[in-house]
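From first to last, the protein sequence lines stand for chains A and B. Just remember that the working numbering sits 6 ahead of the position in the first sequence, which is counted from 1. Just remember that the working numbering sits 736 ahead of the position in the second sequence, which is counted from 1.
Careful: at least some of the hints might be erroneous.
[Stated by the list, open to error] Straight-line distance between alpha carbons at most 20 angstroms, and here's what the computed SDA-like set of lysine to any residue pairs gives: (1) 777(B) x 92(A); (2) 55(A) x 76(A); (3) 105(A) x 756(B); (4) 105(A) x 79(A); (5) 800(B) x 838(B); (6) 838(B) x 103(A); (7) 777(B) x 79(A); (8) 105(A) x 781(B); (9) 777(B) x 94(A); (10) 55(A) x 779(B); (11) 800(B) x 821(B); (12) 55(A) x 838(B); (13) 791(B) x 104(A); (14) 777(B) x 45(A); (15) 75(A) x 13(A); (16) 105(A) x 794(B); (17) 800(B) x 822(B).
[Claimed, not checked] The following residues of chain A were derived to be distant from chain B, with all beta-carbon distances above 10 angstroms: (18) 21; (19) 23; (20) 26; (21) 110; (22) 116.
Since the hints were made in silico from the structure, they are not lab data. Ideal placement from N, C-alpha and C gives every residue a C-beta, glycine not left out.
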Amino acid sequence: AQSVTQLDSQVPVFEEAPVELRCNYSSSVSVYLFWYVQYPNQGLQLLLKYLSGSTLVKGINGFEAEFNKSQTSFHLRKPSVHISDTAEYFCAVSADDYKLSFGAGTTVTVRA
Amino acid sequence: GAVVSQHPSWVICKSGTSVKIECRSLDFQATTMFWYRQFPKQSLMLMATSNEGSKATYEQGVEKDKFLINHASLTLSTLTVTSAHPEDSSFYICSASSGSAKNIQYFGAGTRLSVL
Chain A
7 AQSVTQLDSQ
17 VPVFEEAPVE
27 LRCNYSSSVS
37 VYLFWYVQYP
47 NQGLQLLLKY
57 LSGSTLVKGI
67 NGFEAEFNKS
77 QTSFHLRKPS
87 VHISDTAEYF
97 CAVSADDYKL
107 SFGAGTTVTV
117 RA
Chain B
737 GAVVSQHPSW
747 VICKSGTSVK
757 IECRSLDFQA
767 TTMFWYRQFP
777 KQSLMLMATS
787 NEGSKATYEQ
797 GVEKDKFLIN
807 HASLTLSTLT
817 VTSAHPEDSS
827 FYICSASSGS
837 AKNIQYFGAG
847 TRLSVL
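The following block holds chain A by itself, in its conformation from the complex (with noise of 0.2 angstroms):
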């Protein structure tokens, strides 16, 4: 079974500064990972993902994250964040089965 751990319940922020939200994960198999970004009362939107390729994948709203095996993470990245960025964000991973795994989650507030 894989498990995914977030090492920050909360990570506040200033507008235009840069953030970077942790994600480890631990599994005895190949893995698939992703970043989902949840807004209130919503459901989950794909930030992006790792399926195999270049450990460096880029997402959508300037977001990218590093995929580093010998350390089992999986950290995202924004150079510069907006107000509209406030939200949740999870971390999740997947094997075969295709099942995901979620993390805590990482409440991400942006101040001006």
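With chain A held as given, fit chain B onto it using these hints.
Chain B alone, transformed into the frame defined by chain A:
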């Protein structure tokens, strides 16, 4: 992109009644659909996986007789919460994946269930 519609977005019901939630893939064929439950300020917990035309596979600890899942077509899955009680109040979210991209799940907007 792939769109998943979930209905209703919010439902209030009396204790003991049953509630049906629909999940539809609007622009692709969803060979597999997933149902999740999310408590306030917590992560998503997978309840069950359903493949079109087959019985759903429930995760450990999820009562299959209480949470009835039907996936009768490639675009529709339903979750029925039977004899709902206040402890069933939660945010229920569905997702869907297609046969050509099983790795990627597209999520509905969720249904908030409040049982009085």
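Hints, one by one, checked against the model:
A distance of roughly 15 angstroms separates the Cα atoms of residue 777(B) and residue 92(A); the hinted pair therefore holds under the 20 angstroms criterion. Taking the CA atoms of residue 55(A) and residue 76(A), the gap is near 18 angstroms; set against the 20 angstroms cutoff, the hint holds. A distance of roughly 23 angstroms separates the Cα atoms of residue 105(A) and residue 756(B); the hinted pair therefore is violated under the 20 angstroms criterion. Restraint check for residue 105(A) and residue 79(A): the C-alpha separation of about 19 angstroms stays at or below 20 angstroms, so the hint holds.
Only pairs whose Cα atoms come within 20 angstroms are accepted, and residue 800(B) paired with residue 838(B) is rejected, the gap being roughly 24 angstroms. For the suggested pair residue 838(B) and residue 103(A), the alpha carbons sit about 9 angstroms apart, so the restraint of at most 20 angstroms is met. Proposed proximity of residue 777(B) and residue 79(A) is contradicted: the alpha carbons are some 23 angstroms apart, above 20 angstroms. Using a Cα cut-off of 20 angstroms, the hinted pair residue 105(A) and residue 781(B) holds, with the two alpha carbons roughly 11 angstroms apart.
Of the pairs offered as hints, the one joining residue 777(B) and residue 94(A) holds, with about 9 angstroms between alpha carbons and a cut-off of 20 angstroms not exceeded. Restraint check for residue 55(A) and residue 779(B): satisfied, since their Cα atoms lie roughly 18 angstroms apart, inside the 20 angstroms limit. The suggested pairing of residue 800(B) with residue 821(B) holds, with an alpha-carbon distance near 15 angstroms, which does not exceed 20 angstroms. At most 20 angstroms may separate the alpha-carbon atoms for a hinted pair to count; residue 55(A) and residue 838(B) meet this at roughly 13 angstroms.
Distance check on the hinted pair: residue 791(B) and residue 104(A) sit about 17 angstroms apart at the alpha-carbon level, within 20 angstroms; holds. Annotation: proposed proximity of residue 777(B) to residue 45(A) holds, straight-line Cα distance about 12 angstroms (limit 20 angstroms). Under the criterion of a C-alpha separation no larger than 20 angstroms, the hint pairing residue 75(A) with residue 13(A) is consistent with the structure, at around 17 angstroms. At roughly 12 angstroms between alpha-carbon atoms, residue 105(A) and residue 794(B) fall within 20 angstroms of each other, so this suggested pair holds.
Proximity of residue 800(B) to residue 822(B) is assessed by CA-CA distance (about 18 angstroms); at most 20 angstroms being required, the pair is judged to hold. In this structure residue 21(A) is separated from chain B by more than 10 angstroms, as the shortest Cβ-Cβ distance comes to about 24 angstroms. Remark: the non-interface label on residue 23(A) is consistent with the geometry, its nearest Cβ contact in chain B lying 24 angstroms away (cut-off 10 angstroms). With 10 angstroms as the threshold on Cβ separation, the claim that residue 26(A) sits away from chain B holds: the shortest Cβ distance comes to roughly 20 angstroms.
Some Cβ of chain B comes within 10 angstroms of the Cβ of residue 110(A); the nearest lies about 5 angstroms off, and the non-interface call is violated. Here residue 116(A) stays apart from chain B, with its beta-carbon at least about 18 angstroms from theirs, past the 10 angstroms limit.
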